[in-house]
Each structure stands twice: as C-alpha cells, then as structure tokens.
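Chemist: Take any residue in the sequence shown, count from 1 to its spot, add 6: that is its number in the working numbering.
These aren't lab readings, by the way, just hints derived from the structure by calculation. Be a bit skeptical, because a hint or two may be false.
Said to hold, decoys possible - With a straight-line cut-off of 20 Å between C-alpha atoms, the simulated SDA-like cross-links for lysine to any residue are:
| # | residue 1 | residue 2 |
| --- | --- | --- |
| 1 | K255 | V226 |
| 2 | K109 | W35 |
| 3 | K255 | G33 |
| 4 | K218 | P269 |
| 5 | K218 | L144 |
| 6 | K109 | F258 |
| 7 | K255 | I271 |
| 8 | K218 | Y151 |
| 9 | K248 | L260 |
| 10 | K255 | W45 |
| 11 | K109 | V99 |
To be verified - Computed beta-carbon distance windows for the label pairs:
| # | residue 1 | residue 2 | range |
| --- | --- | --- | --- |
| 12 | R149 | T21 | 20 to 26 Å |
| 13 | I80 | F34 | 49 to 55 Å |
| 14 | L114 | C266 | 30 to 36 Å |
| 15 | P245 | V88 | 21 to 27 Å |
| 16 | V145 | L17 | 23 to 29 Å |
| 17 | G38 | R155 | 29 to 35 Å |
| 18 | F263 | L95 | 23 to 29 Å |
| 19 | G38 | M98 | 29 to 35 Å |
Just so we're clear, the structure is a prediction, and the values are computed from it rather than from any experiment. Heads up, the beta-carbon is just placed ideally off N, CA and C, and yes, glycines get one too.
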Amino acid sequence: FIVNLAIADLLLSTTVLPFSATLEVLGFWVFGRIFCNIWAAVDVLCCSASIMSLCIISVDRYIGVKYSLKYPTIMTERKAGVILVVVWLSSMVISIGPLLGWKEPPPLDDSICSITEEPGYALFSSLFSFYLPLMVILVMYFRIYVVARRTTRSLEAGVKKERNKSMEVVLRIHCRSVLEEPLSSTRSKGHNFRSSLSVRLLKFSREKKAAKTLAIVVGVFILCWFPFFFVLPFGSFFPSLKPSEMVFKVIFWLGYFNSCVNPIIYPCSSKEFKRAFIRLLKCQCHRRRRPIWHVYDHHWRGASVNSTVQDSETD
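Let's have the full structure, built from the sequences with the hints guiding it.
Modeler: The structure is reproduced here in structure tokens:
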C-alpha cells in the first residue's frame, strides 16, 4: 500500500505537474484541447488514487495494531492485490466523467484549459475522492489511538490477555515462580511468557510507530487538500462567492504540494517507508522483502537467548 501511494504521487509529479507548471508560466495552454482533457483526467486519477491509498493504509494500520499476531493471515498478498485494483478502478470511475461529457461546454479558445467546475461533477468528485475517504481515515485513526492506548497500558502493567477459544491465558512479565510446580518448570514457563510477550511487544511497537508516521501524513494531507475540496464544490454552486483566480491557484497548487511532500515525510519518519521508496525508485518493486514474521522470529530468538543467559548468570 505504501508503494502504491508512492506510485500515485510519482505519477502525479511526472505526468501532471510539468504541464501544470507550463500552464502557469506561459499563462495559456499550448498542448491542444484533446490533451487538455487527458491531462485533467489523469490529474483527478492520480489525486484520487493517492487519497484512496491513504484511506486503505489507515485501515491496514488499524488491522496491524488491533490484530498484530493475526495480521499476516488477515491481510494476505492476494487480498492486498485485489484492494489495489479496486483503488485504481474507483479512481478511474471518478476521473473518467469529464471525458464522457460530464462537464461544462469547452471554451472556443484552445489556449484555455482548466479542471471542470460543473456543479454535479464537482460535488461527486469531492465526495468520493476526499470526504468519504477522509471520514474512513479519521475513524480508523481514532480507533488506532484507542487500541494503542489500551494495549500500551496493558503492556506497562505487565499483563497481556489472550483468548484461545474458551480459555484465557494471562501473561505476566515478572512472573518467576508458581508454588504448585517445580522450579525448572517455572523457569521454562517464565521464558515462554517473556518470549511470547517480547514478540507481541515488538510487533505492537512497529505497528504503533507506523501508525504515528501515517498520522503525520494524514495531517498534512488534510491541510493540503481540504481547502481545494471545499472551495471547488462551493464555488461551483455559488459562483458569486468563488475566491479570486490567484487564491484558487494557490489552493490548487497546495493540493499538488501534498503529493510532493509525501516522499519527504516518509523517509524522515520511518526506515520502513524509506526502504519502500528506495525500492520503488530503483525499480525493484518486484523483489519481496524478507517476511516480517522472520524479523520478529529473529528478535524472539534473541530475546529468548538473552533471558536464558541472564538467568544462568543469576543462578
């Protein structure tokens, strides 16, 4: 999902922004009416795909935080692939409207090119490209916050509950002896408890860090895109209240700025996101990184060895 977001942002930066910049510098469109329509459609396509990717990522992070142990079985590669196809198909449906005639009559002068401000399409695209994904994003991150706070308190208290069918197991970090069992059995269970809890703590901490990074991205996303998706439908329904052309250009380019700043936020906030962008830029997206549970297993084994050594030294 991170790589898909990067693809959408890079497509916008390479296929849309150069022509938008040319339009701003020259003050008129020089690429013809047909390419103007294509440019506007690709603009909506990439922006919608970028926003929907953020929406899907927020759901993915919620699953990772809420069900950290079951995440690999819940979010399989096949499911992820289907979701990505749905994201791009939905973005195409939103962007193709003006190409099929859902727009105001084109100007006679081919040197004029702009996104359509037809009221019906402006409301439709704003609703499905921004407001509905924004609602999902806000709900998911609120639930992530609730789950993260609850789980953090549980881990700090040294207790983690797991339910396996009808049985409940309580894991205690500092549990070292049980009166009814031999000392060796107690130590063995203590090692298992610490190892299991270490795995859960490592997975949860990784998911929590990723969620914090994406919360920053979402905050920037709202600041950049909300003005545009508020002014566009509002101005199309109430032309007399539409802001000046200069103000609209600033708001318009503020949305572009979001796609430009995402590749900066990710590497600065998370090494995992940095690796994803590096793979994309090197055209190595086909290479699969080492499964994450292997990393957890490595830390799990390390934690078990360390705890065994410490207990041996204590004895």
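Chemist: For each hint, tell me whether it holds in the structure or not.
Modeler: Each hint tested on the structure:
no.: 1; hint: K255 / V226; verdict: 19 Å, holds
no.: 2; hint: K109 / W35; verdict: 18 Å, holds
no.: 3; hint: K255 / G33; verdict: 12 Å, holds
no.: 4; hint: K218 / P269; verdict: 16 Å, holds
no.: 5; hint: K218 / L144; verdict: 13 Å, holds
no.: 6; hint: K109 / F258; verdict: 18 Å, holds
no.: 7; hint: K255 / I271; verdict: 24 Å, violated
no.: 8; hint: K218 / Y151; verdict: 9 Å, holds
no.: 9; hint: K248 / L260; verdict: 17 Å, holds
no.: 10; hint: K255 / W45; verdict: 17 Å, holds
no.: 11; hint: K109 / V99; verdict: 15 Å, holds
no.: 12; hint: R149 / T21: 20 to 26 Å; verdict: 35 Å, violated
no.: 13; hint: I80 / F34: 49 to 55 Å; verdict: 52 Å, holds
no.: 14; hint: L114 / C266: 30 to 36 Å; verdict: 34 Å, holds
no.: 15; hint: P245 / V88: 21 to 27 Å; verdict: 42 Å, violated
no.: 16; hint: V145 / L17: 23 to 29 Å; verdict: 28 Å, holds
no.: 17; hint: G38 / R155: 29 to 35 Å; verdict: 55 Å, violated
no.: 18; hint: F263 / L95: 23 to 29 Å; verdict: 27 Å, holds
no.: 19; hint: G38 / M98: 29 to 35 Å; verdict: 23 Å, violated
When held up to the earlier numbered hints, the structure conflicts with 7, 12, 15, 17 and 19 and fits the remainder.
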